[in-house]
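Asker: Each chain is listed here by its residues.
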Amino acid sequence: SQTIHQWPATLVQPVGSPLSLECTVEGTSNPNLYWYRQAAGRGLQLLFYSVGIGQISSEVPQNLSASRPQDRQFILSSKKLLLSDSGFYLCAWSKDRLYTEAFFGQGTRLTVV
Amino acid sequence: AQSVAQPEDQVNVAEGNPLTVKCTYSVSGNPYLFWYVQYPNRGLQFLLKYITGDNLVKGSYGFEAEFNKSQTSFHLKKPSALVSDSALYFCAVRDDAGNNRKLIWGLGTSLAVNP
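From first to last, the protein sequence lines stand for chains V and Z. 110 is the number that our numbering gives to position 110 of the first sequence; each next residue is one higher, with no gaps. The number in our numbering is simply the position in the second sequence, starting from 1, with 1000 added.
Rather than coming from a laboratory, the hints here were simulated on the basis of the structure. Predicted, not measured: the structure shown is a model, and the values here were computed from it. Note that CB positions come from ideal geometry on N, CA and C, so glycine has one too. Please note that the accuracy of each hint is not assured.
Chain Z is faced by these chain V residues, among others (derived, beta-carbon under 7 Å) [claimed, not checked]: (1) E22; (2) L90; (3) F104.
Facing chain Z, a subset of chain V residues (Cβ under 10 Å, in silico) [said to hold, decoys possible]: (4) W7; (5) V51; (6) Q55.
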């Protein structure tokens, strides 16, 4: 069966520090991968999605970047965090078909202080 | 343009009563519709989906949803609510028009089931 791992679960970082959140998927190949941010426990904002290694689409201009160095690994990064980067970050994967659902990691609560 | 609306920020229901969480959508082609649930500080969990066929879709934890093409709706229902159903519920859609593979999400509805 497929599983998705996202870590860490919580993170407190000072303003200006770098960020690296990692997400890995097991039990499937060539998944579509997604990074979302959820602010204030409500709506989901798609940040990045990837349909293959090295293929990253950015949805919104921001202080963050994403990379996919391996087929089942998706990394969210920042060189210098801003206070506004605080939020709940969710990684997800899906098969590359319109009718398939997405499966989510457990999320990372990032607090920038 | 694709869009999803969840008109209610919050739904309150007494335990044992039926519950409905509303969702309407707008797409160019045929919709693929999904419901997810999120418990506090957790990732989203898939509940059910409509692809084609029977308009009534059954999913996890006793939930079901009814696809209504004429009203462009996909409301989530459960005949008898449990306190443990209290959570945040999200509706999402994709359509088969164009080359867009992304899910379009509603803003979520907070369900509170009172004992």
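Asker: Indicate, hint by hint, whether the structure satisfies it.
Answerer: Evaluation of the provided hints:
1. E22: Hint on E22(V): violated, closest Cβ of chain Z at ~15 Å, above 7 Å.
2. L90: With a minimum Cβ separation of about 6 Å from chain Z (threshold 7 Å), the hint on L90(V) holds.
3. F104: Check passed: Cβ of F104(V) comes within 4 Å of chain Z, closer than 7 Å.
4. W7: It is violated, given that the least Cβ distance between W7(V) and chain Z is near 12 Å, above 10 Å.
5. V51: holds, 7 Å
6. Q55: Since the shortest Cβ distance to chain Z is 12 Å, the answer is violated.
Hints 1, 4 and 6 from the earlier list are contradicted by this structure; the remaining hints agree with it.
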